[in-house]
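*Asks:* Spelled out from the first residue to the last, the chains are:
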Amino acid sequence: MLTVLFDGIASGGLLFLLALGLSITLGIMNFVNLAHGAFAMLGGYVAVVLLNRWGVPFLYCLPVAFVVPALAGLVLERTIYARLYNANPLDQVLFTIGIVFASMATASYFMGSQHQIIQLPPFLQGQYHVMAGFDVGIYRLFLLGFCGLIALFLHLVLMRTRFGSRLRAAVDNGRIAQGLGINVNRLFAITFAMGSGLAGLGGALGIEILNLDPVFPVKFLVYFLIVVAVGGTGTVGGPLAAALILGIFDVAGKYYVSQIGAFVIYAVMVIMLIWRPQGLFGRRAVD
Amino acid sequence: MTMDHKLRYAPEVDRLKATASWRLSEVGFWLLTIAAYFLLPRQLVLLSRVAVMGLFALSLDLILGYAGIISLGHAAFFGLGGYAAGILAQHGWGEPLSGLVVAGMIAALLGFATSFLVLRGSDLTRLMVTLGICLMLFEVANKLRSLTGGTDGLQGVSLWPILGIWSFDLYGRTAYGYSIIVLFLIFLLVRRVIHSPYGLALRGIKENQRRMHALGTPVARRLVVAYTMAAGLAGVAGALLTQTTQFVSLDVLSFEKSAEVLLIVVLGGSGTLYGGLIGSLALIVAQYLLSGISPEYWQFWIGIAFIALVFLARGGLMGLARGALALLHARWHGSEIPSGG
Amino acid sequence: MIRLSFRLLWVALAVGVLMSTNVFAQQPLKIGLILPMTGPMASTGRQVSAAVKLYIAEHGDVVAGRKIEVLLRDDTNAPETTKRFAQELVTNDHAEILAGFGLTPLAFAAAPIATAAKVPMIIMSAGTLIIPEKSPYILRTSFTLPQNTAPIAAWAPKHDIKKVFTLVTDYAPGIDSETTFKRVFTANGGQIVGEARVPAQNPDYAPFIQRAKDAKPDALFVFVPSGEGAAVMKQFAERGLARAGIKLIGPGDVTDDDILDSMGDAAIGTITSHFYSAAHPSAQNKAYVAAFEKANPGMRPNFMSVGGWDGMELIYEVLKKNNGSTDGDKFVAVAKGLSWASPRGKVTIDPRTRDIIQDVYMREVKRVGGHLYSVEFDRIPEVRPDGTY
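These protein sequences, in sequence, are chains A, B and C.
Count along the first sequence from 1, add 441, and you get the number used in this note's numbering.
Count along the second sequence from 1, add 211, and you get the number used in this note's numbering.
Count along the third sequence from 1, add 61, and you get the number used in this note's numbering.
These are computed hints drawn from the structure, not numbers from a lab.
This one's a predicted model, so the numbers in the text were calculated from it and none came from an experiment.
Hints may be right or wrong, so weigh each one.
Only pairs whose alpha carbons sit at most 27 Å apart, straight line, appear in this in silico DSSO-like list of lysine-lysine [what the hints assert, rightly or not]:
1) C:K355 <-> C:K427
2) C:K391 <-> B:K354
3) C:K391 <-> C:K179
4) C:K382 <-> B:K354
5) C:K179 <-> C:K382
6) C:K427 <-> C:K277
7) C:K128 <-> C:K381
8) C:K407 <-> C:K397
9) A:K660 <-> B:K228
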């Protein structure tokens, strides 16, 4: 039972990492970036290439898996995304879905359509047997710690730095923030890049757990959207709590009531959204 | 007094009347669908599917383009209608028309029941709630394998001839005629609704809910009616698919199906009545042609096409057409090219 | 005058002769190949289409005077699309044979079309037992799940595996496999200590494998579709089932040659029963594998590909016997009982069920020459589609 709980929390942590970027993009730029999963996929494939083809040790792949999607995000944001900020959300949807399709086909072309398999370094393999009925997977423990640290780091950045306060200001009211001299465009670019980088990092970390193949962006889009919707935008804590809840219910549902496993999380999500339509920690939208 | 009243508001009334009347291009469009039966006899299976998805898209456009409710779960009603018609046929009642009606009513019932959930919350919330309902229905259908056939699909769906005369043939002729007629009739209905005072109220709600409240419009009631109607029509579309293909499987309830119909509406241009139909034609034909050229990587070209479209024109294909027409109009009349999107 | 009319007579005679010879012979023979080329089952599509291409490259594209043209269609794993393509291929493109069908639901959807159009339908991939019943024109050259499952189910109790937890994907082939395993395993004295079915869409194996571990069986029996084996293996390794003394058994789909080599040491020791291994030591197979790898760098042929290869062999053989005619009833009549040597071993089309009878091998995953292969250590000859032998 405890193993299931632990697994759920680790899953949730990974999901948080993956979905946070989407939450930020939606919160600040009010842009529905359905292509978010494509950046995660990019990070995953970068890690695979480094690990499998060039033999780079796993831990060194992680920073690269962050940087490459971050750069890609930066370039795309400045060149094309920025032009669509004022567009109809529906046009944004069309655009981002176009990116998803193109990225899925590209991934399939260069990397093949099968699940990518990597070999984790030995110190990350195996399990600790803590007690009867409770085995802790070492990789999942690593994942948990890593995601926890990042969550803490991001929270501190958001709350304690000037950059963070500028970001929060832009979320609250972009126009006034700009009026105060905050370079909102540069803020957008940096945040988008970071969000994409985090997604890429999540993608790399998730190869072992979530299975990486060209269908990844669509397969997990639903989960990302759930985290963002339930968690609300504008905070770090919201998506984190939502991701953890989602992760736990998902794993527990599949373990205990595997007959209707997936049903459980959807029901939970719908209930939570009806109870708190603005998300767990989000604030009610000012109409 | 009445005279003054009439004089002052005449232009607006005229404008409304003008948009409600049939344009030449619309008549042309429907004549083309009839022509297709004779000119493209070997593509009728594909065109039937275009008609079915067009109907599905029309039902979504009703709430998306006119009432402003974004739904990522519209396939729930489509699939429910599809399975209703399929199970009915499988158990011996293969009459097509009554099957459509039953399916539509069941779907409308679900729509009514869930409509209250989409009244609250932001766009994202509504998106996720609709999606959640669709996904839950998918799981339920998956589990009720004895009823739905599960992943393998419903077997043994056979339909009686329509009105006892036209039976469904291998070449898809009956299917096409059937689909187009049903599509046209429902289109007429929707068109009527859109141009009625109720339809105007819906558009008002989409643009500014607060103001509509202030005007005394029972907003919630209007939305519930719209949502229920859209659900019913989606159910009819689903039943139509089942009947014309004599098959239904879980993918009619899937997230991918919901996403596909949303994509079609956006591609064609939402809120334009024809957007769903044009979008369906464009997407399905493009998919068909591209996957014939490149069976493994056609998705790439479709993706690029979407990106290009967004940059060429806002408002999907209808927006593109309108922009092009405006350009031509301006050039022809020698006036300045209108700016802005 | 007479000379002119003689000439005319010769011309008329010549034209008459030309026209009376089988005009058929000039028309290309179109084969509609419907496969999932994109989406989660894309690897199946690619393996089969690669094998089909290879066969035509090696045997030429003219059979019994007719030129073969393969029309490949991607049904994106959606049964509705499979059905539509089948319909269009038959009515629009004048395809005379339908082939492919990567998964059971896809085959089910297309079967009525084959019946209505009286067109032979060759199943090159799907594995559920009852597929040939759906149309009298269906012939199968792939495999059935009972065929691949019965041997391992009988082998296990004789080798210290008395308690088993079964884990299968929740769709027709998975249920076929589970049913067969339970029947044969318990008949041989084994005990099922638990069972689980994983949903076919977006499967997540972790919780199920954890449950399997908690049930403390001697072995975990797994069936998952081609390409999913890697995910299962990962979880199997991560949760330490091997260390807990639990073996991994099942039909060979879990050690799919397409991805076996990248599964790593975790896969070593897995015992499976299956009809094809890329390591099958016959001269014909060695040539097949070499040609396949040369034509498709980086790809190792797997059991799906031989289904495609043998499907083409069947088509060519029947066409030769029928002088190029693809009349559905004649095609099926000739195909029944046909037997030939395949890269996998000897195969026969069962006259009673139009399904495939073939040898099934017991294999173990070993590292050979630096790469992982399923090495055969026993052979059960001529296993029937329902798993009996």
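*Asks:* Each hint needs a verdict: does it hold in this structure or not?
*Replies:* Checked hints:
no.	hint	result
1	C:K355 <-> C:K427	holds, 23 Å
2	C:K391 <-> B:K354	violated, 41 Å
3	C:K391 <-> C:K179	holds, 10 Å
4	C:K382 <-> B:K354	violated, 47 Å
5	C:K179 <-> C:K382	holds, 19 Å
6	C:K427 <-> C:K277	holds, 25 Å
7	C:K128 <-> C:K381	holds, 12 Å
8	C:K407 <-> C:K397	holds, 15 Å
9	A:K660 <-> B:K228	violated, 47 Å
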